[in-house]
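Asker: Sequence:
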Amino acid sequence: MKILGKTTLLAAVAALALSACSVEGGGSDAGEGGKYPSRPVEFTVPTEPGGSTDLVTRALAKNLEKPLGAQVPVVNKPGANGKIAGKDVFSSEPDGYRVAAMPQSLFAVGPLVLNDPDAIKLEDMTFIKGLAVEDYVMVVPSDSPIKSVEDLKKAGTIKYGTTGAGTGSQLSQALLLGLQKAKATAVPFDGGGPLLTAVLGHKVDVGAMHVAEAHEQIRAGKVRPLAVFAEKRLDSVSDVPTAKELGYDVVVDQRRFVAGPAGMPDEVRNKLASAIEKAVASPEYQKMLKDNYIGAWNADGAKVGERLRTSREKFKSMTQRLGINLSGQS
22 MKILGKTTLL AAVAALALSA CSVEGGGSDA GEGGKYPSRP VEFTVPTEPG
72 GSTDLVTRAL AKNLEKPLGA QVPVVNKPGA NGKIAGKDVF SSEPDGYRVA
122 AMPQSLFAVG PLVLNDPDAI KLEDMTFIKG LAVEDYVMVV PSDSPIKSVE
172 DLKKAGTIKY GTTGAGTGSQ LSQALLLGLQ KAKATAVPFD GGGPLLTAVL
222 GHKVDVGAMH VAEAHEQIRA GKVRPLAVFA EKRLDSVSDV PTAKELGYDV
272 VVDQRRFVAG PAGMPDEVRN KLASAIEKAV ASPEYQKMLK DNYIGAWNAD
322 GAKVGERLRT SREKFKSMTQ RLGINLSGQS
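Be aware that the sequence shown starts at 22, since it is given in the working numbering, and climbs by one per residue.
Don't read these hints as lab results, they were simulated from the structure. The reader is advised that the hints may include incorrect statements.
[To be verified] Straight line, CA to CA, 25 Å or less: simulated SDA-like cross-link-like pairs of lysine to any residue: (1) 142 x 170; (2) 180 x 346; (3) 104 x 90; (4) 243 x 317; (5) 335 x 115; (6) 142 x 119; (7) 202 x 97; (8) 308 x 64; (9) 108 x 87; (10) 56 x 90; (11) 180 x 263; (12) 104 x 56; (13) 204 x 233; (14) 108 x 170; (15) 324 x 338; (16) 253 x 224; (17) 224 x 242; (18) 175 x 92; (19) 243 x 267.
[Said to hold, decoys possible] Simulated restraints, written as ranges between beta carbons of each label pair: (20) 334 x 108: 36 to 42 Å; (21) 113 x 287: 43 to 49 Å; (22) 95 x 337: 32 to 38 Å; (23) 214 x 168: 22 to 28 Å; (24) 311 x 180: 30 to 36 Å; (25) 180 x 302: 23 to 29 Å.
Cβ atoms here follow ideal geometry from the backbone N, Cα and C, with glycine treated the same way.
All chains should be built: construct the whole structure from the sequences, respecting the hints.
Answerer: What follows is the structure, given as structure tokens:
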């Protein structure tokens, strides 16, 4: 029997120890020198299947797998304008394997409607990448006596439909009507589809929804667009003026971004951001945006966080100045 010398024995023990460390560290590769990703990266959508957030996220996931080098399954977890999904994802390990596509409105508009002590804080998230932007268009039935935004001031008490409390649809119209000092009552609906039906059925006088939700009926002449709440005119409805053009400084949109739990390692966040940038540049993804009248939001994580903070403060200041209580309208 061969007896190992002391030096040889110590070397063997050291090699075994290194091997054990390697095995134990294999499950926590994010931020600890291992290879990320080594398993699927789950994207959570905070809405039901079929909406624009779901559409954008699934197109992203499909085009993300190659540059990221991992499968990207999509999970729908609807409810509370994104809060349910966010609470679930942002309480998980910040290892880069669970992220969510979140709506700006939850953080910029929601706090103006509800003082929620359990709300998701900006500090709860690692901002990874801006994703998409959708603009709102204000429409009336085609046979409505309201022909322009100025006619709203002469129409008595306006019933304006929204896509829900705490949405850009509610905020944009409340601000415009507030600037007009018009008498108005908000009527919330569960999304753009039900709101469009209500406008067509004269259940409300006017409503604001995403351009994609109204575009078909605008082209068919069933509804008349009065204004868009964008910074500049939109190619998809280029003959429709912005509220700013008409003298009302109201710019409200819905932006979506990708975020993970706070504390995500920089190298993991950067890997995700780089892969997302490649995915959204793909012809297939770009075609999806164009076909659905959705704009790209190519912002890095820092700019996403800055946008959420400045938007919240801007909207809070405007509603306070105009004496608008969004919670009283919901």
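Asker: Kindly indicate which numbered hints from before are broken by the structure, ordering the numbers from low to high.
Answerer: 1, 3, 4, 5, 7, 9, 12, 13, 14, 16, 18, 20, 21, 25
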